[in-house]
Amino acid sequence: MDLTAIRADDNASTVTQFILLGFSDLPNLQGFLFGMFSIVYLIILIGNGFIIVITRLDPALQKPMYFFLANFSSLEICYVSVTLPRILFNIGTQNRSISKLACATQTCFFLMLGATECFLLAVMSYDRYVAICNPLQYPLLMNPTKCTQMAAGAWFAGIPVQIGQTCQIFSLHFCNSNKINHFFCDLPPILKLACGDTFINELSVYLVAILFAAVPFLLILASYSKIIATVLRLPTATGRAKAFSTCSSHLLVVFLFFGSATVTYLRPKSTHSPGTDKLLSMFYTIVTPMFNPLIYSLRNKDVIAAFRKLLLKT
1 MDLTAIRADD NASTVTQFIL LGFSDLPNLQ GFLFGMFSIV YLIILIGNGF IIVITRLDPA
61 LQKPMYFFLA NFSSLEICYV SVTLPRILFN IGTQNRSISK LACATQTCFF LMLGATECFL
121 LAVMSYDRYV AICNPLQYPL LMNPTKCTQM AAGAWFAGIP VQIGQTCQIF SLHFCNSNKI
181 NHFFCDLPPI LKLACGDTFI NELSVYLVAI LFAAVPFLLI LASYSKIIAT VLRLPTATGR
241 AKAFSTCSSH LLVVFLFFGS ATVTYLRPKS THSPGTDKLL SMFYTIVTPM FNPLIYSLRN
301 KDVIAAFRKL LLKT
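Numbering (our numbering), first residue to last: 1 to 314.
Keep in mind the hints are simulated off the structure, nothing from the lab. Please note that a few of the clues may not be correct.
[To be verified] What follows is a set of in silico ranges between Cβ atoms, one per label pair, in the way DEER data are often shown:
(1) Val287 - Leu101: 44 to 52 Å
(2) Pro160 - Thr16: 47 to 55 Å
(3) Gln30 - Ala60: 44 to 52 Å
(4) Cys195 - Pro139: 55 to 63 Å
(5) Leu101 - Tyr206: 42 to 50 Å
[Stated by the list, open to error] Below, in silico cross-link-like pairs of lysine-lysine (BS3-like), each with a Cα-Cα straight-line distance of 30 Å or less:
(6) Lys63 - Lys226
(7) Lys100 - Lys179
(8) Lys313 - Lys242
Computed from a prediction, not measured in an experiment: that's the story for all the values here. By construction, the Cβ of each residue, glycine as well, lies at the ideal position given by its N, Cα and C atoms.
Please model the complete structure; the sequences and the hints are all you need to start from.
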């Protein structure tokens, strides 16, 4: 344990600074990892930035579906910027220390943006549900004011709870060790360092994960069960193919994100291993934001058409 990060407090040792071990167990790959993460970060920024710009510029994309997609791409840029710059800093400088306040701040923003992603994916599934199952009511139910309200709700709904959860976790004493065996300040590896009985804290993590992940996921499943039932009743194969094509991209992102995040947060503490946690975290913190633009642009004829028009103008 780094003695400079420990403070005597009422005859007990309290951690004031953490060490993010990250990928320190791969000393010969530090240069490769720095280059790889730098390229991935650029891909995420450029790809999601492209989605934001093209949905703003093209009149054909001024629809609720693309309004939410632009919000989702903005979220992905924010989400990945909470973790990746710090990863690059740690690898580039080989300085892996992070203050308790900085660690708590990173955790808080990560949790808030993670909650936003869950809610926004649920809102996007509701948009597809209304478009396919209630097309005549679509302009009324998904008017610009309601779309803005739903997007704002997705962005801000999780903030109070996640601030409270972060304060609760970081008010614990961390006297066992100050080494976080992860590449960012995530809840499962931080809880492992806490002293004493953390049952109540673990329970709160489960409850919040159920509220912000399981509930939106169930709403998404409910929306898509109705969508599939409606699509299967369409009279033509062309109509069914078109309806499924507008939903398949969203479904792929949903299963990538929720699958890895749910396994990470809803597994019992005893089954957590650093290697598995890092691998799963890579999916919902880096892989999903990187593939989001590709999934949505390559499988969407409207986005491809808008890109061609933009190229012809330039």
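We went through each hint and held it up to the structure:
1. For Val287 and Leu101, the hinted distance range of 44 to 52 Å is not satisfied, since their beta carbons lie about 29 Å from each other.
2. At about 27 Å, the CB distance of Pro160 to Thr16 disagrees with the hint of 47 to 55 Å.
3. For the pair Gln30 and Ala60, the beta carbons lie near 46 Å from each other, so the given range of 44 to 52 Å is met.
4. Checked against the hint of 55 to 63 Å, the C-beta distance between Cys195 and Pro139 comes to roughly 57 Å, which is consistent with it.
5. Checked against the given bound of 42 to 50 Å, the beta carbons of Leu101 and Tyr206, roughly 26 Å apart, lie outside it.
6. With a C-alpha separation of about 22 Å, the suggested pair Lys63 and Lys226 falls inside the 30 Å cut-off, and the hint holds.
7. Distance check on the hinted pair: Lys100 and Lys179 sit about 12 Å apart at the alpha-carbon level, within 30 Å; holds.
8. Taking the CA atoms of Lys313 and Lys242, the gap is about 28 Å. The hint holds against a cut of 30 Å.
Going down the numbered hints, you'll see the structure goes against 1, 2 and 5, while the others check out.
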